[in-house]
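A.B. asks: Protein sequences appear in the order of chains A and B.
Convert by adding 4 to the 1-based position in the first sequence; the result is the number in our numbering.
Convert by adding 15 to the 1-based position in the second sequence; the result is the number in our numbering.
Calculated directly from the structure, the hints in this document are not laboratory data.
Careful, some of the hints might be misleading.
[Claimed, not checked] Residues on chain A that point at chain B, a partial pick, calculated with CB under 10 Å:
| # | residue |
| --- | --- |
| 1 | L75 |
| 2 | N82 |
| 3 | A83 |
| 4 | A87 |
| 5 | A97 |
[Stated by the list, open to error] Residues from chain B that face chain A, not an exhaustive set, calculated with beta carbons under 10 Å:
| # | residue |
| --- | --- |
| 6 | A22 |
| 7 | V48 |
| 8 | L124 |
These numbers come from a predicted model, not from an experiment.
Built from N, CA and C at the ideal position, the CB exists for glycine as well.
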Amino acid sequence: MGEIAIRQAILHGIVAAGFVEALLRTWKMGCADARIRFWMLALAFPLLVAPLFLAALPLRSTDWFAGRWALFASARWNAVRLAGIGVDTLVFAVLVAAGLALFLRDAVPLVVDAWRERRDDAGARVDDVADLGALVADLSHALRILPPAVTIVAADARVFFVRGLLNHRLVVSHAVLAHLDGPRLRAAVAHELAHVARRDPLAGWLLMAARLAMCWNPAVQLLARAIVQEMERRADQAAAALTAPEHVTEALRRLAAPAARTTRRSGMPLRTLTEHLDGAHIRARAAALLAPAARETSTPARLTLAGVGLGVLLFFVV
Amino acid sequence: MLMRFLAVSLGTVALLAALNLLPTCLGGEPRGVIRYPSLEAVEARYRVRLWAPAGRLAGEVRLSVGEPGWLAFALNGLAGGTLAPPVVCQTLAPATADVTPDVQVPETLVPGGELLQAREWTAADRRAQLRRVLLADGTLVHELWWREGGRHVMLRIHGDADRLVRLFNEIVRQVP
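Chain B extracted, bound-state conformation:
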């Protein structure tokens, strides 16, 4: 009796686990990443104010669960030619540490790469870190990291770093 019960239980567990993994195989999200339809949906659920340039959200918001919980969303209207759109990443919970090269966005949200250069940068009364990163596929990206309202924010842009500054200014203008 017990063996048959265990067989049915394990079979059910295996079936459910397979169904849970299938969306990843079908082009969905990896385990641990949740999609939200809008920034407002995330703000309502987590009761936080998210930092984003007004009216530039392209597509959905992706959230990597855990501590501190990172979310990422792409921006439209700033991509140049065939370049991928810029991406904004930020933590949901306040980050206790300053931005250092150790602080990384989970690779389930944005692809990681090799840090080529990191330098300090100050603008709008904020101390930021500008990074040049070489992604695994050979793409060179620029990232700007800083703390806003106690939370880490990262902007990643393909190509020219000048557009990074423009985007940074758009975001900090939203901060009351």
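So here's chain A without its partners, still in its complex pose:
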């Protein structure tokens, strides 16, 4: 990928993310489903639209367009120098470094977890425990999905995630079972099954692939993270609808207790109940759960408007 393409993808990602965030705030869109669609739209611009503009509209890459027609031409900032280096070049270097740092921050633990998981596969393991299996079957029926198989791992760490893109398997550690009693366990299982019902594991891996493809793009990294956060919120809401919000928040709190976070395990590049949970995160998710439900708004019309608006806007950003 050429330097111009990389610059455009970063610039378009930043503008798209800012524009969509402003729209979500202005339109007061709190529904997780709608927010995911809007973030996906923003993500499409650096991933798909920016390369399309470059390939199909070479006119935009000319000096004439940058000098006369562009609403914003980043190259103009190279005329301003800091320590002998153009500001555009400096900012570009900083953004690429930030993108790589954001990517590695999430990718390295994922690789480490995958390695640990393979190593631990040789450890003690009991499959398809009857009690948990019945709970999973009951909740799967409520969510209208096929119940995934259950694997219980003999581990002290609180491990709780769904593995598999198409054939799912719920992986739970003894430590989780020891710390979550009936209603809390039901809420936690409902959360993970809600991910299965919405095909979040597949979406999570696709997002990770997008992040890998644009590992240097900080906007893509942040947008993908925002989508994952909304997926978590959506799963929390689904679990709360099947159980009770206070059970979900209590399950989150128990699994995030400092003594519990002995290791981070993940079967997919999504935050599961047991990973990436700090106090602020838990409070935010609990507050979102206990807040009045966001009103569903006419998303398709707004999404179309946002897409067309962004397309026109970014045509003039080079």
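Given chain A's structure and the hints, the job is docking chain B onto it.
C.D. replies: Chain B in isolation, oriented as in the chain A frame:
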């Protein structure tokens, strides 16, 4: 819904436009002027041969976009005392018209002034025009205008016109 969308859109447009204008306020280039690090960079991008005395480029090349597209660059090694360095300007695209007093370099590249005198001048088989121009700040400059490879070329020098001829000879020696 639509009003809020328009508000966000206009806000974004205003922000981007302000960021686009800020470099000019911070001592950068006016809108419509692009900087290139070297003559080679311009030649590679536009696939043209630029006329310049060998090894005398000082600083960057500034390009004013549009038709025919003028570019300007300063030369070192020829400034006398505190005088500003000579400047070479030339079009990127072939110019259809001969050099007349109407032909001007955009003021975004070099400051304009009052034409005091223009006379024809011939050297190295080229018909050129020698101009004396009084700039707005009271500086007197000499300019030599001619066509090279179908494109307009202008040399501007502060002070003595003799150095203009020397520079002209250096440039035309580069023409194959």
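A.B. asks: Decide, hint by hint, whether the structure agrees.
C.D. replies: Results for each hint:
| no. | hint | in the structure |
| --- | --- | --- |
| 1 | L75 | 5 Å, holds |
| 2 | N82 | 6 Å, holds |
| 3 | A83 | 3 Å, holds |
| 4 | A87 | 15 Å, violated |
| 5 | A97 | 16 Å, violated |
| 6 | A22 | 7 Å, holds |
| 7 | V48 | 7 Å, holds |
| 8 | L124 | 12 Å, violated |
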